[in-house]
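Undergrad: What follows is each chain in one-letter form.
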Amino acid sequence: MKWGVVRFPGSLDDLDSLHALRDVMGEDASLLWHKDESLGGAQCVLLPGGFSYGDYLRCGAIARFSPIMRSIAKFAADGGLVIGTCNGFQILCEARLLPGVLTRNRMLSFICERVVVRVENAATPFTCAMRQGDLLRLPIKHSEGLYVAPEAELSQMEERGQVLLRYVDSDGRESEAANLNGAMHAIAGVANQTFNVFGLMPHPEHAVEPTLGGTDGLAIFRSIVASVG
Amino acid sequence: MQVKVFVTPRKGILDPQGRAVENSLKSLGFGNVANVKIGKYIVLDVVAGSTAETREQVKRMCEQLLANPLIEDFSFEVDGQ
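These protein sequences, in sequence, are chains A and B. Here my numbering is used: position 166 in the first sequence is 166, and no number is missing along the way. Here my numbering is used: position 52 in the second sequence is 52, and no number is missing along the way.
There could be a bad hint or two in this list.
[Stated by the list, open to error] Simulated restraints on C-beta separations:
#1 A/E174 / B/S24: 30 to 38 Å
#2 A/I111 / B/K40: 18 to 26 Å
#3 A/D23 / B/A34: 30 to 38 Å
#4 B/V21 / A/G54: 21 to 29 Å
#5 B/S24 / A/D36: 26 to 34 Å
#6 B/V21 / A/G172: 33 to 41 Å
[Claimed, not checked] Taking lysine to any residue and the SDA-like style, the derived pairs with C-alpha atoms no more than 25 Å apart in a straight line are:
#7 A/K141 / A/S109
#8 B/K40 / A/I62
#9 A/K74 / B/M61
#10 B/K40 / A/G54
#11 B/K11 / A/P150
#12 A/K141 / B/M61
#13 B/K11 / A/D55
#14 B/K40 / A/K2
#15 A/K74 / B/Q64
#16 A/K2 / A/A77
#17 B/K11 / A/Q156
Derived from the structure by calculation, the hints contain no laboratory data. Remember, predicted model here, so these are calculated numbers, not experimental data. Idealized CB from N, CA, C, for every residue including glycine.
Starting from the given sequences, assemble the full structure and let the hints guide the process.
TA: Here's what the structure looks like:
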């Protein structure tokens, strides 16, 4: 399938994402410049991690106004698949394509760790190659990953199954220690109400080869490929 | 017209920076300090026909970009008012 990986000024994981999709998965993936308005026929658009626009004002707040974001918003409104990792997740929240917002980690420090996340809903294009309850070992590396949303909205999101990934310990249990950044409801990844936009703080693109320490990230990309068919 | 915008964490939203600074102030001996919040102070000039017009525009700037209403409150002064 055809993928578009957006490069904003300050994107860091764009080339790693391309590597994961092209070299590891054998997919047809190309870079999209943030000033372009065309998505190049992509069937899934990936917003990579990094520090778009230096994280000025708030993470993702400025990138949201890049010309390509108008096209992405329209693409998403028409049901197109959009995935944002880390800074990409922050941008999707600021663009209101996803609920909530990501704020400073509870302990204020940058966290670079391998974490375990549990698949909470496997009936989505982003998780359909997995089963509910599956555990993925994925890296995180961020300062602003504490997911916040109003409690009333959170409970609606939980009811609708919009929480796709949650931080847990290696036995799959929720605990304060396993929720390194302090995210509300230990949320690591959420989808929109129509389940075609997904954002997550962990980096699936950094977990696609044994030399990287694991291959669990492939399950997310394989789900997307399987859902497109 | 000169505009001063103040953006602060919303009440009830965890402000880890404010808490860390509050703890540091307490360890400095200022035990009477509470509710430390850390926000942003943004200054800008606006050319507009009236103060009312400026206020209306700045409100929209805050809602659309300068603050994220999910986690932040904002207030502002136009020409010191």
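Undergrad: Just pull the numbers of the violated hints for me, sorted ascending.
TA: As far as the earlier hints go, 3, 5, 12, 14 are violated by this structure, in ascending order.
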